[in-house]
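Chains as they are written, first to last, in my numbering: chain A, 9 to 194; chain B, 290 to 376.
If you're looking for bench data, these hints aren't it; they were derived computationally from the structure. Mixed in with the good hints there might be a few duds.
Stated by the list, open to error - Once the Cα atoms are required to be at most 20 Å apart in a straight line, the calculated DMTMM-like pairs of lysine to aspartate or glutamate come out as:
#1 A:Lys60 <-> B:Glu303
#2 A:Lys60 <-> B:Asp314
#3 B:Lys353 <-> B:Asp366
Said to hold, decoys possible - Derived list of chain A stretches under chain B, where covered just means 3 residues or more per stretch with a C-beta under 8 Å from a C-beta of chain B:
#4 58-64
#5 116-125
A virtual CB, placed ideally from N, CA and C, is assigned to each residue, including glycine.
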Amino acid sequence: MDSSGLNITGSVVIRNNRICRNDVVIWKTTEDQPLPDFLRAAYDHFSGQYPKFHKMDHLSKLGWLGAEVLLQHRPFTGYAPEQVGLILANRSASLDTDLRYFDSIKEFPSPALFVYTLANIVMGEISIRHGFKGENAFFTSDTYDEQFLMNYTKQLLEEGAVSAVLCGWVEVMGSEYEVILHQVEK
Amino acid sequence: MENLMATLKAQIVEQLNLQEVKPEDIGDDMPLFKDGLGLDSIDALELIVLLQQHYRIRIANPEKGPEIFHSVRTIADFITAHQQQNN
Numbered sequence: 009m010d011s012s013g014l015n016i017t018g019s020v021v022i023r024n025n026r027i028c029r030n031d032v033v034i035w036k037t038t039e040d041q042p043l044p045d046f047l048r049a050a051y052d053h054f055s056g057q058y059p060k061f062h063k064m065d066h067l068s069k070l071g072w073l074g075a076e077v078l079l080q081h082r083p084f085t086g087y088a089p090e091q092v093g094l095i096l097a098n099r100s101a102s103l104d105t106d107l108r109y110f111d112s113i114k115e116f117p118s119p120a121l122f123v124y125t126l127a128n129i130v131m132g133e134i135s136i137r138h139g140f141k142g143e144n145a146f147f148t149s150d151t152y153d154e155q156f157l158m159n160y161t162k163q164l165l166e167e168g169a170v171s172a173v174l175c176g177w178v179e180v181m182g183s184e185y186e187v188i189l190h191q192v193e194k
Numbered sequence: 290m291e292n293l294m295a296t297l298k299a300q301i302v303e304q305l306n307l308q309e310v311k312p313e314d315i316g317d318d319m320p321l322f323k324d325g326l327g328l329d330s331i332d333a334l335e336l337i338v339l340l341q342q343h344y345r346i347r348i349a350n351p352e353k354g355p356e357i358f359h360s361v362r363t364i365a366d367f368i369t370a371h372q373q374q375n376n
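Okay, chain B solo, but in the shape it has when bound (with noise of 0.2 Å):
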């Protein structure tokens, strides 16, 4: 989990073109909208992006975008309960 937080985190940066964040700067539980990182609703379509680009999981469901898009932690989770339903 720790690990993929990690691998999360870079990805957000790059995808994001946040260029004056460092992946370390976003807290795990650290809010990921409004006054947490500040991200708009242009980079929730970019994270829907990230997720089909790098994991291959598709929201099939947009009305739990931001349960899922909440922060890194809940982005890990849904990652990891994605991968364990197709194991």
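Chain A extracted, bound-state conformation (with noise of 0.2 Å):
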């Protein structure tokens, strides 16, 4: 039980070519390493069964990521699909895959990295591999404001909306990228 009174049962960071979860590094790669080979090398490592994963644009890569290492490690049991809710944050929203789109138009547009010109896609991507239905809010914002996410998260659970959430940061933009989730639990 954390100062905000809710029940964080996990939590995972990634930045720097460093997976940390419940504060220990469990994973890394060199510094230096560009990120699509440390999202593959890190896709190969924690799981290698989800060919869809090589689709995704590198936000749902990097959050889909972030909850593949919790949820492995700790999975929402015993909810039904119903009561699991997602609650994510981050400050460029799709911007990074929208400027790649752009960039694609000027040839052949792809339909492929279209789909992903919505920040929330990643919540989908997240929601289809771990059967989540739940209730779900994206959020954009300059800084990574956890205690209105923590508020927030608060809140539906004492509304009875859902029994578990996963909450917290997804950020990318270029070589930039930032992962922060907790898992929180009635």
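Taking the hints as your guide, dock the two standalone chains into a single complex.
Put into structure tokens, the structure is as follows:
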């Protein structure tokens, strides 16, 4: 139980080519490894069993990977799909992919890129992978406002809208990225 | 025809970003959707782009899509027929 009164049962942070779960570095590569290579190496290490990963944009890959690292370790078991919520936020929305798509339309617009030109697609990818069907929301803000996300999560739990929530920050813009996810349970 | 099918398999793997599939894994008559290669509706759009980009072919009748994109062989047949019509 943390200071907000929430039962946080797991956390993951992905930054600087390191993956920390519950404050322990569980996997890392060299800091100069480009983001696409880091994502592929992390996928191979933690999963390797989900070919759709390769079609995702960087934002979805990061969110998917964060959720994978958390939920492989401690799955949301015993909750109905409708009782698991997702509350995410970031700074750049889907701008990283929007720019790639804009670049593609100079020749042939890419349908595969177009489908990722919305920030909340990352929540869809996580939901498909883990079968979540509960309340969800995606916010954009300049900085990671953990208090705001925790208050929102707390409200959902107190209202009984959900019994478990995956919440946090999934940001990417070019080579800069950061993931901070928390598992919160009733 | 064999060369065209081999080229198509390589193009499909690249265009659809099938990083865990090798061109030689795709059978000539393997269904590309559902239980075969498992492609989805977005992949179907990418296949349409592939035909436009590499073969300058536009699908005039979208209802023919499932027939054309059933397998690598049906795509190759379609391309060959289109090229013969235009020669």
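Structure-based check of each hint:
no.: 1; hint: A:Lys60 <-> B:Glu303; in the structure: 14 Å, holds
no.: 2; hint: A:Lys60 <-> B:Asp314; in the structure: 17 Å, holds
no.: 3; hint: B:Lys353 <-> B:Asp366; in the structure: 13 Å, holds
no.: 4; hint: 58-64; in the structure: holds (count 3)
no.: 5; hint: 116-125; in the structure: holds (count 6)
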